[in-house]
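J.: Chains A and B, in that order, give the protein sequences.
Its first residue numbered 7, the first sequence is counted upward by one per residue in the working numbering.
Its first residue numbered 38, the second sequence is counted upward by one per residue in the working numbering.
It is worth saying that the hints were derived from the structure and are not from the lab.
Careful: at least some of the hints might be erroneous.
Derived EDC-like pairs (lysine to aspartate or glutamate); straight-line CA-CA distance at most 16 Å [what the hints assert, rightly or not]:
id: 1; chain 1: B; residue 1: 263; chain 2: B; residue 2: 381
id: 2; chain 1: B; residue 1: 393; chain 2: B; residue 2: 306
id: 3; chain 1: B; residue 1: 204; chain 2: A; residue 2: 210
id: 4; chain 1: B; residue 1: 370; chain 2: B; residue 2: 180
id: 5; chain 1: B; residue 1: 263; chain 2: A; residue 2: 331
id: 6; chain 1: A; residue 1: 142; chain 2: B; residue 2: 479
id: 7; chain 1: B; residue 1: 370; chain 2: B; residue 2: 286
id: 8; chain 1: B; residue 1: 51; chain 2: B; residue 2: 69
id: 9; chain 1: A; residue 1: 39; chain 2: A; residue 2: 323
id: 10; chain 1: B; residue 1: 439; chain 2: B; residue 2: 381
id: 11; chain 1: B; residue 1: 393; chain 2: A; residue 2: 58
id: 12; chain 1: B; residue 1: 449; chain 2: B; residue 2: 482
id: 13; chain 1: B; residue 1: 399; chain 2: B; residue 2: 482
id: 14; chain 1: A; residue 1: 142; chain 2: B; residue 2: 480
id: 15; chain 1: B; residue 1: 406; chain 2: B; residue 2: 446
id: 16; chain 1: B; residue 1: 263; chain 2: B; residue 2: 173
id: 17; chain 1: A; residue 1: 39; chain 2: A; residue 2: 365
id: 18; chain 1: A; residue 1: 142; chain 2: B; residue 2: 306
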Amino acid sequence: MMTPESEEQLAEALAGATGPLRVIGGGTRPVGKPVAGEALSTAAMRGVVLHEPGALTLVVRAGTPLAEVSAVLAAENQRLAFEPMDHRVLLGTAGAPTIGGVVAANVSGPRRIQAGACRDFLLGVRFVDGNGRILKSGGRVMKNVTGYDLVKLLAGSWGTLGVLSEVSFKVQAIPEAEATVVRRGLSAAEGVAALSRALGSPFDVGGAAHAPAGLLADEALTLVRVEGMEQSVRYRAGRLAEAGGEIVEAGESADLWRRIRDVRPFAGRAGAVWRVSVKPTDGPVLSERLTAAGLAHEALFDWGGGLVWLLVAERGDAGAGTIREQLSGLGGHATLIRAPEEIRARVPVFQPRPARLAEIEAGIRARFDPRGILNPGLMG
Amino acid sequence: MHIPAPDPAVLARKPRLAERLRAVLPDDAVIDDPTETAAYECDALSAYACAPMLAVLPASTAEVSAVLRICHEEGVPVVPRGSGTSLAGGALPTADSVVLGVARMNAVLEVDYANRFIRVEAGRTNLSVTGEVEADGFFYAPDPSSQLACAIAGNIAMNSGGAHCLKYGVTTNNLLGVTMVMADGEVVEIGGAHLDAAGLDLLGLICGSEGQLGVVTEATLRILHKPEGARPVLIGFDSNEVAGQCVSDIIRAGILPVAIEFMDRPCIEATEAFAHPGYPDCEALLIVEVEGSEAEIDAQLAVIKDIARRLDPVELRESGSAEESAKIWLGRKSAFGAMGQINDYMCLDGTIPVSKLPFVLKRIGEMSKEYGLGVGNVFHAGDGNMHPLILYDANRPGDLEKCEAFGADILKLCVEVGGCLTGEHGVGVEKRELMGAQFSPDDLEAQMSIKDVFDPDWLLNPAKVFPLEASAGRRNAA
């Protein structure tokens, strides 16, 4: 395994590479088509470069464990606003997730519906591309439109365009309080309709999920979260609960959202897991259509209904054909997050792209990785 | 500023091009009379002007596609134009180009409150997007100062910000999908009403690409419900340093105001004389606005006022009514006009780390004396996005050049302290030649190679963003 200790060493390693490389952060997210090749780990490039709490700015080396980043921020009562999911429970992996891995996979959590995704808080990247060039985009300031936004391009590129060496973020203050309004026994369609009403209210909802019966509790739970100053949380939760439901606070609320964030209801259970992004009100519609098309599944709805986690049998194509066929009439995309290597090797893990967009993506890869050495084929 | 010489071979094709365009567009949508093309000779960076060879005003995605297909076949450069409010020369034509204006495409296509989005044609103005949904309590968050006039197409091209983006983000954080016409005329759909990219984040790449990768004709935008209320507080200090400290302390306290605006003495004096907002006589003035219910606003302002009091302000004025709020904002909103009363001005928009504010303001003051040109500073302090307004006299020979040199020095200073050349206006032609101060040749090459993928012939807005020398090979090969 190659373990460069600096950006310069990383550039040398990539310039001198003679075959395909598997880029690894913490190795906790084995997603995508399996890649053969020598491992290249970012683990030795770690440490906080700069943290300015008064400017909500954090610059950190890509191999830094997420836990270390969180601890540094928490010491100043701050956090990453986009609430990155920890994939270890769902995927049954061990190791320490890195901040670079979070960026490479554009990992967000329930707060994404309100605050934005990882890519929305990413201010800058430094990386080495497949040519061995040290490149940068963005910086450490919150507003920056200087040149093309390669920051967004690198977020979610799964190490196929370059290996990240340094990332900078806009961070967020940890709010004084949080509370969740919990409604019980709604159908998926009723639950998502309730989430739509909450998200369309003036009460700044920062979490909106629906877990059908058996996933978080015996009954279905529909959850709406608010965060902020204590007084404000009490007021907003109260107003939202006028539509029905009980209010849970602090640790109990946080625990519910951790379980949603990490898709804990599907952890340790047999089956393949899909992550589907649709228009929020289409979440329950998709589930109904899958059932009608004969695909047995369980569904967990986050992002107001727009993020659907599906648990299906690990048979054949793990439902890929049916899911994408039903999705084509709705719009959105499906990614196979958990499945044995054998299935991931033959089923398109990422949503197949229309011809012209596939051509553009291939063109971009050809510029940033002309030799095809960076996680080749991982994204299809 | 250098405008590349027109290609005589392209100019010679004008009659044939006009004829071909008239075959696919209504007669009044093709403008080739030089007295009329003159209307498109500049944008809001009016110091530079160059009339295009032709201008077209398509009314649909299909018409945009037809225009681009023809221009592609004829090898003619195309300059996309929203409402022409760019402060960076983003819509400045070259003499051998076709200006493609999207102003006729301004329809609302879909409003969906349950899913909180609106789909519009890209020529629609920013403010009229909010106008469409505000009766139902919703709004579109990015609010550039030119929002009455500027088009969503231009907002996407430049990734526009505004006063309220400290809380709500800029265009890229509120854009869900686009319909875009490629340089060769093919129409692509990227994103939609769902979140996140299916593959590489092409939407994120297109937003802020200054019309160089494609022409966006439709956009799906995130809309939000308005908060119950908002209230500003005005705080005056006798030094820029202390005002900067106050900004940092507020943010560090965990408060996220929707806006923190900063004005320095030259700007305060100019706006006071122009609009009489009743501002205090002081060195630096902050306008801090928070949102929520009455009780939430009270709680947040209590923290902010505590912080301000500890810093011994010259004035601390909380709005007690809608009228008082309007008066507090009046001066800020008329700042550009007020400076324009004094003289011609050039508005920069470099961004700096918030902690460097006092140092940068001091250096700008010193440089102002060295250059003999006045500067007023009014800017979005919460995110470090500065707006130095350099005063000059367009009728005095040499003044514009002096102003350009002064501006370049300020922007280089922004980069030196860890910031960037432009926070929300874009590079355009204005900052094109300064890109080397922020990016290495490899960085620029990597960005230009993206344009190679989308627009191999470099026909879309070609002479922008990149230093002319750096892009010459690609532009001339076309």
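J.: Each hint: holds or not?
T.: Quick rundown of the hints versus the structure:
For the hint pairing residue 263/B with residue 381/B, the CA-to-CA distance comes to about 37 Å; that exceeds 16 Å, so the pair is violated. Taking the CA atoms of residue 393/B and residue 306/B, the gap is about 24 Å. The hint is violated against a cut of 16 Å. For the given pair, residue 204/B sits about 12 Å from residue 210/A by alpha-carbon distance, which is consistent with the 16 Å threshold. About 12 Å separates the Cα atoms of residue 370/B and residue 180/B, which keeps this hinted pair within 16 Å; it holds.
Between residue 263/B and residue 331/A the alpha-carbon distance is near 37 Å, which puts this suggested pair outside the 16 Å criterion. Between the alpha carbons of residue 142/A and residue 479/B the distance comes to roughly 9 Å, so the proposed pair stays at or under 16 Å and holds. Of the supplied pair hints, the one linking residue 370/B and residue 286/B is violated, its CA atoms being roughly 25 Å apart against a limit of 16 Å. The straight-line distance between the Cα atoms of residue 51/B and residue 69/B is roughly 9 Å, inside the 16 Å bound, and the hint therefore holds.
Proposed proximity of residue 39/A and residue 323/A is supported: the alpha carbons are some 14 Å apart, at most 16 Å. Of the pairs offered as hints, the one joining residue 439/B and residue 381/B holds, with about 13 Å between alpha carbons and a cut-off of 16 Å not exceeded. Between the alpha carbons of residue 393/B and residue 58/A the distance comes to roughly 11 Å, so the proposed pair stays at or under 16 Å and holds. Between residue 449/B and residue 482/B the CA atoms are separated by roughly 21 Å; this puts the pair beyond 16 Å, and the hint is violated.
For the hint pairing residue 399/B with residue 482/B, the CA-to-CA distance comes to about 35 Å; that exceeds 16 Å, so the pair is violated. For the hint linking residue 142/A to residue 480/B, the alpha-carbon distance of about 6 Å falls within 16 Å, and the restraint holds. A hinted pair counts as satisfied when its Cα atoms are at most 16 Å apart, and residue 406/B with residue 446/B qualifies at roughly 13 Å. At roughly 9 Å between alpha-carbon atoms, residue 263/B and residue 173/B fall within 16 Å of each other, so this suggested pair holds.
Using a Cα cut-off of 16 Å, the hinted pair residue 39/A and residue 365/A is violated, with the two alpha carbons roughly 19 Å apart. As the CA atoms of residue 142/A and residue 306/B are separated by approximately 41 Å, the hinted pair breaks the 16 Å bound.
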